[in-house]
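**Q** So the chains spell out like this:
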Amino acid sequence: MQKGHQSWTFNSKPVIISSAAVGGPFEAEGAVADDFDMLHQDLWLGQDSYEKAEKKLLEQACEIAIQKADMKKEDIQFFISGDLMNQIISSSFAARTLGAPYLGIFGACSSSMEGLAIGSLLIDSKSANYVLAGASSHNAAVEKQFRYPTEYGSQKPPTAQWTVTGAGTALLSQQGNGPRVTSATIGRVIDMGLSDPFNMGGAMAPAAVDTIEAHFRDLNIEPSYYDLIATGDLGKIGHQIAGDLLTEHGIEIPKDILTDCGLLIYKEEQPVIAGGSGCGCSATVTYGHLLNRMKKGELKRILVVATGALLSPLSYQQKESIPCIAHAVSIEMS
Amino acid sequence: MSNKKNKKLTPTQQQYQAFAKAREPEPSVVRNCLRAFLVGGLICTFGQALQMMFINYFNFTEETAGDPTVAVLIIISTLLTGFGMYDHIAQWAGAGTIIPVTGFANTVASASIEHRSEGFVLGVGGNMFKLAGSVIAYGVFSAFVVAIIKITIQALGGM
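First to last, the protein sequences are chains X and R.
If you read the first sequence in this note's numbering, its first letter stands for residue 1, the second for the next number, and so on.
If you read the second sequence in this note's numbering, its first letter stands for residue 1001, the second for the next number, and so on.
Derived by calculation from the structure, the hints in this document are not laboratory data.
Errors might be hidden in some of the hints.
What the hints assert, rightly or not - Below, a list of computed lysine-lysine pairs in the DSBU-like style, where the Cα atoms sit at most 35 Å apart:
1) R:Lys1130 with X:Lys236
2) X:Lys296 with X:Lys319
3) X:Lys255 with R:Lys1021
4) X:Lys156 with R:Lys1130
5) R:Lys1021 with R:Lys1008
6) R:Lys1150 with X:Lys156
None of the values given here were measured: they were computed from a predicted structure.
So that you can see chain X by itself, here it is in the shape it has in the complex (with noise of 0.2 Å):
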């Protein structure tokens, strides 16, 4: 059901009944290993391709989101993924995989959240009984896409990140036990002129402002009804930035509420900088550290902000500046 200009409440709550997160090497060093299902010490996960690395991390998410909750593949009613390969080829073919519907979405490292509550929408509207959904990205396919070769020996600015190898997958459902989905705020595109590709934090920034603040006057609820409030990918200075930006805006959001999905996931000696980034960053993140957290009952509410940048390698050098979007879905332990 809509609420106010940008906003769904899902009357009938659906039930996240199973998640997973897969991660690489780098992320089993991390300060949320453990909340991961399954980690790869080999970043090439024994396929010739960096690409089909990261397709079989989301095959492997999908997987063992299915056999948690206890089903077969051929259960999946509709699958909804994204990552930030050209024509998402990863999604469309670890689909290929799963043999189900597909719906294939593009909104860069909000993907995750973007598929949440597009599935959310269709359990609520009876539209299905089971769907998956699903984003993942792998460091090296994206550095390849949007940088610079892996092994190019060029230095990075402290506003960089580090893009995460993982995948993380949600099975949602009418009914079963588990954290439910309660609403979700779907973002408007916001251009604050910024061309850096090196500090995606910065430009992402004002685009999970804008989308906190909608949720916030959509419901018209405080931001104490959270008890965690995450943005996906914004680093370290696009935390910052974004914390500021609330506060100038005139929403107090306490500093232990708000955190980022790339600030939890790497432990600080980590060398990665900003921060992690990356479209498995918020999914792994939530659909692993968070959820668990809920299940544990130290979280009772919480709203994941999952912020992405829509750029392509040839816009940037085409000089045009960075869109950036945000959508942010709450999940609620009943």
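Got chain X; can you put chain R on it based on the hints?
**A** What follows is chain R alone, placed relative to chain X:
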């Protein structure tokens, strides 16, 4: 930021960019310069040692010793790239590893490795000079222009 670029931005965008800029850490120029000087200098000293070795032990002259010296540096740099160590050194050293011939070897080697998955023709061959191509193109062109100038001055009786 230049004024020309600013004109295209709306006041809100300009305001935000100033807001964001204030929260971005600046790369430390002094520290980066020192590191670049140190590492770049070390590479050049090592190159000098190689050159002297070729002159003293392998019967090269000062003119001809340059070629094997550069070749050794290129081989070392390419190997370090292949073993995945060069980019880590470069993140620390910055311009110190990019400017010498080692940086050029790294751009070619890294692009070749990166595109190996697309095959030898479309992948390695087609992308090998993805980054180094513009250095070669503009380097050769600049050399051509300088040579024309030199020849003209010589023809006019200068030098």
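**Q** Now tell me, hint by hint, if it's right for this structure.
**A** Cross-check of the supplied hints:
Between lysine 1130 of chain R and lysine 236 of chain X, the direct Cα distance comes to roughly 32 Å. Compliance with the 35 Å bound is thereby established for this hinted pair. Distance check on the hinted pair: lysine 296 of chain X and lysine 319 of chain X sit about 47 Å apart at the alpha-carbon level, beyond 35 Å; violated. The hinted pair formed by lysine 255 of chain X and lysine 1021 of chain R meets the criterion: a straight-line CA distance of about 21 Å does not exceed 35 Å. Among the hinted pairs, lysine 156 of chain X with lysine 1130 of chain R is consistent with the structure: their alpha-carbon atoms are about 19 Å apart, no more than 35 Å.
Taking the CA atoms of lysine 1021 of chain R and lysine 1008 of chain R, the gap is about 18 Å. The hint holds against a cut of 35 Å. Straight-line distance between C-alpha atoms of lysine 1150 of chain R and lysine 156 of chain X comes to about 40 Å, which puts the hinted pair past the 35 Å bound.
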